[in-house]
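Chemist: As a plain string of letters, each chain reads:
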Amino acid sequence: MSKLGRVVEAVENYNEHVLAEVKRARSDEKFGREMLDRWNEIKRNIKTSTAPTGLKLPRLALPEIDEPGEIARFLLGDGLPGEFPYLNGAYREMYLEPWQEPPVEIGSYGKNGHGAKAKLNGNRNGQKTVAKPQQAEEPTRLFSGLMLAEDTNKRFHFLSAHQRSKRLSTAFDGPTLYGIDSDADGVFGKIGEGGVAVDTVEDMVRLYDGFDLGSPDFSASMTISGPAPIIMAMYIAAAKRRFGSDVVPKLRGTIQADIFKEVQAQNETIFPIEASLRFLGDMMEWTMRNMPRWYPVSISGYHIGEAGSTPVQQAAYTLSNGFAYAEMMADRGMSADEFGPRLSFFLDCGLDVEYIALTRVSRRIWAIGMREVFGAGPKAQLYKVHTQTSGRSLVAAEFRNNLTRTAAELMLAYMNGTNSCHSNSADEPFTTPSEEWIRLSAHSQGILLEESGIFKHTMNMLSGSPGMKAVERAVEAAIVEEFREIERLGGVLAAVENRYQRSQIQNAAHRYEQQIYDGTRPIVALNKYRNENEEMHEFELARTPRSKQQLQVDRLKKFKAKNARKAEAALDKLADIVETDANCFPALLEAVEICSLGQISERLQEVVGRFRPMV
Amino acid sequence: MSAPIRVLTAVPICDGHDSAINTINLEFIRHGIEVVYLGFHRYVSDIVRAAIQEDVAAVGISSYNGGHIEFFAEAVKQLKKRGADDIRVFGGGGGTITHDDQRIMQKRGVDKIFFAGTALTDMVEFVRERYARRPKRRATSDPEMKLARKLTEIEDSYANGKRAKKKIENRKPARNASRSDAGGSKIENTKVIGFTGPGGAGKTTLIDELVLRMLKRDPKSRIAILSHDPSVVGDGALLGDRATMINSQHDRVFMRSMATRGQAGGLSPATEDCLRLLAQEGFDYVIIETVGTGQEAMPFQSELVDQTVLVMNPDYGARLQLQKIVMLDLADIVVVNKSDLDRAKTALNEIERRLEQNRREQKLISTVAKRHRDRGVDELCDLLGRDVTARKKGKR
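Sequence order for the protein chains is A and B.
Using the working numbering, the letters of the first sequence correspond one by one to residues 1 to 615.
Using the working numbering, the letters of the second sequence correspond one by one to residues 1 to 396.
It should be emphasised that the hints constitute simulated quantities derived from the structure, not laboratory data.
Don't take each hint at face value.
To give a feel for the contact side, a few chain A residues facing chain B, derived at Cβ under 7 angstroms [what the hints assert, rightly or not]:
no. : residue
1   : P175
2   : M411
3   : V615
Across the chosen pairs, the derived CB separations fall in these ranges [unchecked claim]:
no. : chain 1 : residue 1 : chain 2 : residue 2 : range
4   : A       : P292      : B       : S45       : 45 to 51 angstroms
5   : B       : R375      : A       : K573      : 45 to 51 angstroms
6   : B       : D340      : A       : E485      : 55 to 61 angstroms
7   : B       : D340      : A       : N40       : 56 to 62 angstroms
8   : A       : E485      : B       : R30       : 50 to 56 angstroms
9   : B       : L364      : A       : D581      : 28 to 34 angstroms
10  : B       : A264      : A       : A20       : 33 to 39 angstroms
11  : B       : Q321      : A       : D581      : 37 to 43 angstroms
12  : B       : D251      : A       : R565      : 55 to 61 angstroms
13  : A       : Q550      : B       : L364      : 36 to 42 angstroms
14  : B       : D315      : A       : D28       : 49 to 55 angstroms
For glycine and all other residues, C-beta sits at the position ideal for the given N, C-alpha and C.
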């Protein structure tokens with residue numbers, strides 16, 4: 001049985017355990033008394049918020065129960081926000097306005113709970129409560145990448161000008177995503193399209209110019225997976241060039257690097273799966289040991305969702321991929337408490353009903369699996385997640401409706417307690433988002449979290465409605481069933497090689513399209529309430545001018561010419577190390593100083609082969 | 001019944017957005033169109049080479065990652081340069097292609113761009129109306145194109161009922177006759193190798209790894225591949241082997257994908273005639289791959305096939321199942337692929353004992369084709385190449 005099979009057992013056992021404890025709370029008077037005492041103590045300690053209208057509200061909302069069995073069901077089955085199994089939130093207080101007087105039970109925490117020094121908060125399971133930092137970063141993280149490094153850099157400065165904390169998220173162009181150099185045959189038109197072109201460490205220096213990479217208020221996110229270890233090495237090398245070697249342990253951020261979802265859905269894989277996993281593992285191990293504030297993999301359901309999966313498939317494949325990475329790191333001899341806190345997740349949020357509770361359920365399953373199967377402590381049990389609203393749900397027809405779609409999705413994401421969020425720009429169906437629509441989408445988050453009173457006064461404001469509970473139960477059962485199927489196929493890697501997840505996603509995508517065409521899935525202004533007179537909007541597209549594309553090629557050629565003599569030796573050294581079992585990341589760090597992305601990926605492909613696509 | 005329309009679909013280089021094209025492919029197939037699917041992240045040169053070899057009526061490109069104006073125009077240009085401008089280009093890219101882009105693209109020779117929200121049925125209608133009848137074609141001196149057109153002629157004549165389907169006789173094969181001992185191919189210097197085996201055994205990957213080695217070993221060698229995918233009469237087919245055969249997309253490889261068009265047994269009614277043609281074209285190797293076959297299949301009855309390879313998956317079930325697999329009697333070489341699986345060792349033992357019953361010289365090889373530089377595949381390549389090298393030397 002793979003670890004995934006044991007996760008299935010753990011979830012089932014935990015659910016049985018909760019039921020048994022509910023019964024015990026009812027039949028065993030002493031235990032029932034303990035439950036009631038704890039409940040009353042929790043209630044006594046709840047502070048009061050005051051809304052701008054003067055209305056007083058509790059900072060934590062609890063179900064109106066006073067019967068020991070139901071109390072046990074809530075505390076053990078759902079957990080308070082920040083308590084196992086974290087259904088109601090990975091952290092306490094998530095989006096709440098800061099409390100005016102310093103609260104006694106909250107200690108000093110790291111930023112955004114990352115590397116949080118959680119304080120014990122007496123709890124029956126001996127579990128720690130993980131609380132959110134008092135002065136949190138804005139949960140907004142905006143995605144951008146266009147043309148050349150200096151153009152994206154300019155956009156980053158524009159986007160983050162008014163933010164206290166600079167949280168940048170980087171999109172790369174096609175050639176970069178596939179580890180191909182800008183001067184390769186047949187890719188010229190793709191340079192700087194849909195993301196930024198990065199060929200060398202010098203591009204990486206330009207990309208984040210003017211930002212203090214070692215600052216605790218800065219974090220970078222890089223959306224790239226196939227060549228992620230090479231790009232990661234370039235980022236570290238660029239940081240060292242600007243700030244010296246001391247900056248390395250201070251670097252904060254994340255790189256997507258999720259190879260499983262690439263093979264299952266997004267198709268940006270350049271090495272065979274096992275070789276990709278080895279490079280990823282080398283990079284993860286190195287960064288986990290040397291960069292304690294970096295998240296070296298973002299286990300992503302987003303692209304699975306965007307490729308057309310159902311929400312349950314998205315959650316199930318993301319979780320099972322996560323458990324497979326956990327198993328990989330455990331096999332490398334790392335403890336769950338070492339690697340667990342460095343794993344983070346990325347989910348899609350669309351309009352299907354499952355999204356009412358998808359992240360909540362994911363958080364619960366992850367916590368149970370990590371604790372029971374991998375022996376993880378509290379910080380390593382947390383499913384920390386970035387959510388992006390669904391790009392696929394947006395349509396070009398009467399595109400302003402996309403603001404409403406995104407707002408509804410954003411609401412769902414925050415109801416699920418996402419740690420950070422990207423709201424899509426309404427013009428996304430036709431173009432790289434323009435500044436006007438980006439601004440609108442970014443502001444939607446401020447309107448929801450700061451302007452409206454929905455999330456800022458009370459934890460659990462919308463949790464636990466009967467409908468939400470019903471969705472939770474149905475979704476959890478369906479996810480566990482998917483796990484069983486993957487386990488039957490021999491675990492995640494075997495299922496991937498049998499293209500199980502891929503074909504499931506493709507079937508779901510096909511069904512989705514059919515439903516749009518036959519009208520069983522209404523899309524306003526597309527297959528319903530359509531405005532027949534509407535003409536398609538013509539937009540100013542942010543296309544990369546040929547002159548810029550040529551500039552990128554010229555720069556790269558200069559870089560290659562400058563380093564021609566030394567590059568070959570560095571590549572040979574890298575290839576030699578890859579032939580052994582040693583960690584090849586240090587050799588990558590050396591190679592990126594003088595070799596381009598394409599030179600490195602080509603040499604690696606000579607050693608390990610190319611990815612053979614699955615259709 | 002007239003011959004199905006054949007189109008090629010692909011997603012451009014540095015683009016992995018295959019969700020739309022997968023859906024469109026399925027819709028095409030449902031409506032009787034045969035789709036040669038080249039996959040995602042594909043160079044223009046690969047698309048053009050494949051379109052010419054497959055002799056499709058049109059190429060459909062689905063582009064979501066920008067650079068489409070250049071990419072589509074380059075495809076049109078390269079087709080024209082080869083004299084294959086009767087192969088038309090169409091495509092789409094959701095909202096990423098604007099109307100302005102479309103105007104430029106059409107000016108550069110693209111037939112049609114579909115925008116976001118186009119009904120799938122509209123695309124099917126377009127392909128049927130526009131590409132069912134091929135335009136009158138200029139004569140060509142390009143040997144690859146000539147060959148491709150002749151293959152189309154053969155295939156179409158079967159589809160149009162002008163040639164009778166050959167009955168595959170279910171004759172019991174002579175047990176001790178090994179074709180490989182029979183002095184090589186009827187066609188000098190060309191070695192014809194047939195690959196068969198159950199679905200999921202990894203035939204396609206194995207062949208592609210062999211091709212990589214064959215191309216490397218002899219820098220002048222030319223290889224033809226005849227690959228098969230199942231279809232029923234009147235339906236389309238997804239001919240998807242090119243998408244995974246990354247090494248076979250090469251200027252020294254001529255590949256043709258065929259649908260079985262209702263014939264059981266793993267090959268198409270036109271296969272024998274197509275093979276006869278290919279075997280005379282001076283290739284060093286002609287490789288035929290059947291569709292995934294059942295236990296009773298014995299697809300290579302042709303005199304033209306020099307050597308047959310049965311590719312098996314270690315997970316064939318109980319040992320008793322081996323007794324029922326006819327090809328275990330007939331194959332010259334039996335390959336147990338995926339031998340990294342737990343059951344592989346047992347499988348190799350059981351198959352070895354099964355082959356001993358045959359009392360003829362059959363080779364058993366164990367491979368892990370998905371593994372780069374796999375020793376087993378090297379061994380198979382040596383074995384298949386041995387008599388070719390010998391024959392070539394003999395000629396000098």
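Chemist: Is 55 to 61 angstroms respected by the C-beta to C-beta distance linking D340 (chain B) and E485 (chain A)?
Modeler: Since D340 (chain B) and E485 (chain A) have Cβ atoms about 22 angstroms apart, the given range 55 to 61 angstroms is violated.
Chemist: How does the Cβ-Cβ distance of D315 (chain B) and D28 (chain A) compare with 49 to 55 angstroms: does it lie in that range?
Modeler: Check passed, 51 angstroms falls within 49 to 55 angstroms.
Chemist: Could you tell me whether the CB distance from L364 (chain B) to D581 (chain A) stays inside 28 to 34 angstroms?
Modeler: Between L364 (chain B) and D581 (chain A), where Cβ atoms are some 31 angstroms apart, the hint holds.
Chemist: Taking the beta carbons of Q550 (chain A) and L364 (chain B), is their distance inside 36 to 42 angstroms?
Modeler: Cβ of Q550 (chain A) to Cβ of L364 (chain B): about 57 angstroms, so the range 36 to 42 angstroms is violated.
Chemist: Are E485 (chain A) and R30 (chain B) spaced within 50 to 56 angstroms by their CB atoms?
Modeler: Given range 50 to 56 angstroms: violated, Cβ gap about 27 angstroms.
Chemist: When the nearest CB of chain B is found for M411 (chain A), is that gap smaller than 7 angstroms?
Modeler: Cβ of M411 (chain A) sits 25 angstroms from chain B, so the hint is violated.
Chemist: Between P292 (chain A) and S45 (chain B), does the C-beta distance stay in 45 to 51 angstroms?
Modeler: 47 angstroms, holds
Chemist: Measuring from beta carbon to beta carbon, are Q321 (chain B) and D581 (chain A) in 37 to 43 angstroms?
Modeler: Between Q321 (chain B) and D581 (chain A), where Cβ atoms are some 38 angstroms apart, the hint holds.
Chemist: Note whether the CB distance of A264 (chain B) and A20 (chain A) lies within 33 to 39 angstroms or breaks it.
Modeler: 57 angstroms, violated
Chemist: Does the CB of V615 (chain A) sit less than 7 angstroms away from some CB of chain B?
Modeler: With a minimum Cβ separation of about 4 angstroms from chain B (threshold 7 angstroms), the hint on V615 (chain A) holds.
Chemist: Using the beta carbons of D251 (chain B) and R565 (chain A), state whether their distance is inside 55 to 61 angstroms or not.
Modeler: The hinted range 55 to 61 angstroms is violated for D251 (chain B) and R565 (chain A), with Cβ atoms some 32 angstroms apart.
Chemist: Interface hint check: P175 (chain A), Cβ to nearest Cβ on chain B, cutoff 7 angstroms. Holds or violated?
Modeler: 5 angstroms, holds
Checked against the numbered hints listed earlier, the structure breaks hints 2, 5, 6, 8, 10, 12 and 13; every other hint is satisfied.
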